[in-house]
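> The chain contents come next:
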Amino acid sequence: MKRKLFALIALFTLCFASAAYADDHVETVLAGLDNPCGVAIQPGTGHVFVSDSAAAKIVRVVDGKAEAVITDFPIGVYGKGPMFNIGPLGLAFLDKDTLVVGGGGLADGEELLRVYKVPAAGGDAIKADAMEKSFKLAGSEELKGEGNFYALAKNKKFLYVTCNGDDTKGWVSRARIKDGALVNYKRFLATKEATEVDAPVGATISPRGELVIGQMGEISVEGDGLLTFYNAKNGKILLNLETGLSDITALAYCPKGQLYATDFVWLNTKAGGLFQLISKKDGDDQTIESKKVLDLDKPTAMAFADDGTLYITVIGTADGDKKGGKLLKIKAGL
Amino acid sequence: MRSLGSAFLLLLLVASSSASAQEYKLKYPLGLKKMKIPKDNPLTTAKIELGKQLYFDARLSRDNTISCASCHDPKKGWSNGEAVATGVRGQKGGRGAPTIINAAYQTRHTFWDGRAGQSKFGANDALEAQALGPIQNPIEMDLTLDEVVAKLNKIEGYRKQFQSVFGTDVTSDGMAKAIASFERTVLSGHSPFDKFKAGDEDALSEAAERGRKLFFGKANCSACHATSSFTDQGFHNVGIGMDKDEPDVGRFAVTDQLGDRGSFKTPTLREIARTAPYMHDGSLKTLEEVVDFYDKGGFANPQLDEELLPLEMTKEKKADLVTFLKEGLSSSDYPEVEPPKLPE
Chain A
1 MKRKLFALIA LFTLCFASAA YADDHVETVL AGLDNPCGVA IQPGTGHVFV SDSAAAKIVR
61 VVDGKAEAVI TDFPIGVYGK GPMFNIGPLG LAFLDKDTLV VGGGGLADGE ELLRVYKVPA
121 AGGDAIKADA MEKSFKLAGS EELKGEGNFY ALAKNKKFLY VTCNGDDTKG WVSRARIKDG
181 ALVNYKRFLA TKEATEVDAP VGATISPRGE LVIGQMGEIS VEGDGLLTFY NAKNGKILLN
241 LETGLSDITA LAYCPKGQLY ATDFVWLNTK AGGLFQLISK KDGDDQTIES KKVLDLDKPT
301 AMAFADDGTL YITVIGTADG DKKGGKLLKI KAGL
Chain B
335 MRSLGSAFLL LLLVASSSAS AQEYKLKYPL GLKKMKIPKD NPLTTAKIEL GKQLYFDARL
395 SRDNTISCAS CHDPKKGWSN GEAVATGVRG QKGGRGAPTI INAAYQTRHT FWDGRAGQSK
455 FGANDALEAQ ALGPIQNPIE MDLTLDEVVA KLNKIEGYRK QFQSVFGTDV TSDGMAKAIA
515 SFERTVLSGH SPFDKFKAGD EDALSEAAER GRKLFFGKAN CSACHATSSF TDQGFHNVGI
575 GMDKDEPDVG RFAVTDQLGD RGSFKTPTLR EIARTAPYMH DGSLKTLEEV VDFYDKGGFA
635 NPQLDEELLP LEMTKEKKAD LVTFLKEGLS SSDYPEVEPP KLPE
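Chains as they are written, first to last, in this note's numbering: chain A, 1 to 334; chain B, 335 to 678.
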């Protein structure tokens, strides 16, 4: 058993990151975004797509500028103070033209996971309701409805979605990918029952195929974020580790195989940042050292390009009327 | 009344020699997980015994009237049976005395507002951080640390035990470690709920089983009363006291986050039938009142927790929920402890 766990942990500990990444490695691609909460890279074109969440739209970066792709998403409010307007959240491409968008602007049970055929660059934007298909996880006598489809992660067979509706369960849902389309979207993993900690948010697939979930924990509690590995096929929990991070919002593996997390740190957003998660051994126990790579102002999502370039969305801090949201580009080499 | 010895058996501690460094092997009641104990404060027989003496000793207060046990009384569910805590000179605090049952599992924060927390990630020493707080609180025990250390160093029995356990005279650090060690032995598990979870389908009455389903389902209780300790260690605003002109702002005073205004730490529900009155201000006298309160969706205010919504449960469902709380979470192995002989 131990051997299995050590092999698993090795997946995200191939080498140590350097100390804090130099500022000259970081470039602001887009500024003035309004609570951006999702990022994905389009296969084939390499265009970066961003959920400009409170602006109710999905944009793509073309020649360094934001071009609206899908507009008029519903908007809701998250938090009790500070409060954030949110609309579209997680993004994932099923193929070059098929984009899945997790919603955050509707009530639990009414929220939609939407599938679009995206227009080519330079084409007219489409409306949010012009989706090819949509899915919801309605409530029932036994279950609360789901909403805030925050992070999307996929392998060849399934798309996984972190949900924030039923706090007694902490669902990760999934849909099968069949012939390039999503089918059979349903609740999959009750992460809170598995880990006894709230709120799955960050999600990715490990190089070996495990589903990796960042459990956010309570936003009023620091240091309770978990990293949990599950069998992506049957949902069996494989490994659950404390990270010392407070509010993990995104997880991603760089092409070299190292695992990174963004930490929002609601209670002290100045402590937020990008972290490499490094395996440690404490006697017979496995632990994690969360090594800070970059300071970030309210990071929300990230995605690696094939060449190792990392894109991160941050909510940032408004400057007067100018929104503080940014899309950051981190040079390859992490 | 049980003897001291049997009380220890009820705590499921395995008695061992009195050697100061003798490790105490804690046997966990059914349903409880292995706890995280600070590496610099391992459980030992002598330290737990010392901590128990300190816990029950009113000399830790200015006028020798208030001990930890005054407000966290084993005979009253390790709480005090009153709406708020009462300190030296009869002074009343603003909040109720939470039970310390299973406080060992509160590794991140203690106090209703979480103002005492672990010293660093993984230290798991929130209990140590809490232990000295009430001693220094002017309306609870009202002594400075220098005063209480000097006072206890005049008691030969304490000085000898501290030398044996810590190799020093009485220190505040040693006091905190000893009291926390004792508190880690006050455990409640092996309840009908735990037996049910372990596979005994007859452990819960029919009404309690219906209540269990509500608790973990539609009634949404387990959104916050999660884990085997029935607390998520988080802070939530349920609206209690928020109708006052100057409400107790709870966690907000610690974090300065608007979203924390009126939030208080989720208490454990283990042995809840013994710990009335309820809520952080003791304003609800019975579990029936508590369930009615939540059935209405708490008290509306801008920071009301999003998990609170009107439930519109029938009278029967509310009764089932209360039955689960009373029957399901009360252990036949309740941690009864008698006050020890105190050193002179």
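Calculated directly from the structure, the hints in this document are not laboratory data. Among these hints, one or two may not hold up.
Calculated cross-link-like contacts (lysine-lysine; reagent style DSS-like; alpha-carbon spacing at most 25 angstroms) [to be verified]: (1) B:K552 <-> A:K292; (2) A:K236 <-> B:K547; (3) B:K547 <-> B:K367; (4) B:K454 <-> A:K270; (5) B:K552 <-> A:K136; (6) B:K547 <-> A:K280; (7) B:K370 <-> A:K281; (8) B:K410 <-> A:K291.
Here are a few chain A residues that face chain B, going by a calculated C-beta distance under 8 angstroms [as the list claims (entries may be wrong)]: (9) E67; (10) T71; (11) D72; (12) G79; (13) P82; (14) A138; (15) E142; (16) D167; (17) E196; (18) S220; (19) V221; (20) G223; (21) L241; (22) G244; (23) K270; (24) K322.
No residue lacks a Cβ here, since even glycine has one placed at the ideal position from N, Cα and C.
> If a hint holds in the structure, say so; if it doesn't, say that too.
Hint by hint, here is what the structure shows:
Distance restraint check for K552 (chain B) and K292 (chain A): the Cα-Cα separation of roughly 40 angstroms exceeds the 25 angstroms cut-off, and the hinted pair is therefore not satisfied. Among the hinted pairs, K236 (chain A) with K547 (chain B) is consistent with the structure: their alpha-carbon atoms are about 24 angstroms apart, no more than 25 angstroms. Simply put, K547 (chain B) and K367 (chain B) have alpha-carbon atoms about 22 angstroms apart, close enough for the 25 angstroms limit, and the pair holds. In summary, the hint linking K454 (chain B) to K270 (chain A) is supported, as the alpha carbons are separated by about 18 angstroms, within the 25 angstroms threshold.
Using a Cα cut-off of 25 angstroms, the hinted pair K552 (chain B) and K136 (chain A) holds, with the two alpha carbons roughly 19 angstroms apart. Between K547 (chain B) and K280 (chain A) the CA atoms are separated by roughly 40 angstroms; this puts the pair beyond 25 angstroms, and the hint is violated. Between K370 (chain B) and K281 (chain A), the direct Cα distance comes to roughly 17 angstroms. Compliance with the 25 angstroms bound is thereby established for this hinted pair. As the CA atoms of K410 (chain B) and K291 (chain A) are separated by approximately 46 angstroms, the hinted pair breaks the 25 angstroms bound.
A cut of 8 angstroms between beta carbons decides the hint on E67 (chain A): the least distance to chain B is about 35 angstroms, and the hint is violated. Annotation: interface hint on T71 (chain A) violated; nearest CB of chain B at approximately 28 angstroms, more than 8 angstroms. Hint on D72 (chain A) is violated. Least Cβ distance to chain B is approximately 25 angstroms, over the 8 angstroms limit. The criterion of a C-beta within 8 angstroms of any C-beta in chain B is met by G79 (chain A), whose closest approach is roughly 6 angstroms, and the hint holds.
For P82 (chain A), the interface hint holds, since its Cβ comes within 8 angstroms of a Cβ in chain B; the closest pair sits about 7 angstroms apart. With its C-beta approaching chain B no nearer than about 15 angstroms, A138 (chain A) sits outside the 8 angstroms limit, and its interface hint is violated. Satisfaction of the interface hint for E142 (chain A) is found here, the shortest Cβ-Cβ separation to chain B being roughly 6 angstroms, below the 8 angstroms cut-off. At its closest, the beta carbon of D167 (chain A) sits 4 angstroms from a beta carbon of chain B; the interface hint therefore holds under the 8 angstroms criterion.
This hint holds: E196 (chain A) has a C-beta 4 angstroms from the nearest C-beta of chain B, less than the 8 angstroms allowed. Taking 8 angstroms as the C-beta cut-off, the interface hint given for S220 (chain A) holds, the closest approach to chain B being about 4 angstroms. Annotation: V221 (chain A) was flagged as interfacial toward chain B, and the flag holds, the nearest CB pair being 6 angstroms apart, inside 8 angstroms. Using the Cβ-Cβ criterion of 8 angstroms, the hint placing G223 (chain A) at the interface with chain B is satisfied: the shortest such distance is roughly 5 angstroms.
Because the closest C-beta pair between L241 (chain A) and chain B is about 11 angstroms apart, greater than 8 angstroms, the hint is violated. The restraint placing G244 (chain A) at the interface with chain B holds, with a minimum CB-CB distance near 4 angstroms, inside the 8 angstroms limit. Below 8 angstroms, beta-carbon pairs count as interface contacts, and K270 (chain A) has none with chain B, the closest being about 13 angstroms; its hint is therefore violated. For K322 (chain A), the suggested interface contact is broken, since its CB lies about 23 angstroms from the closest CB of chain B, more than 8 angstroms.
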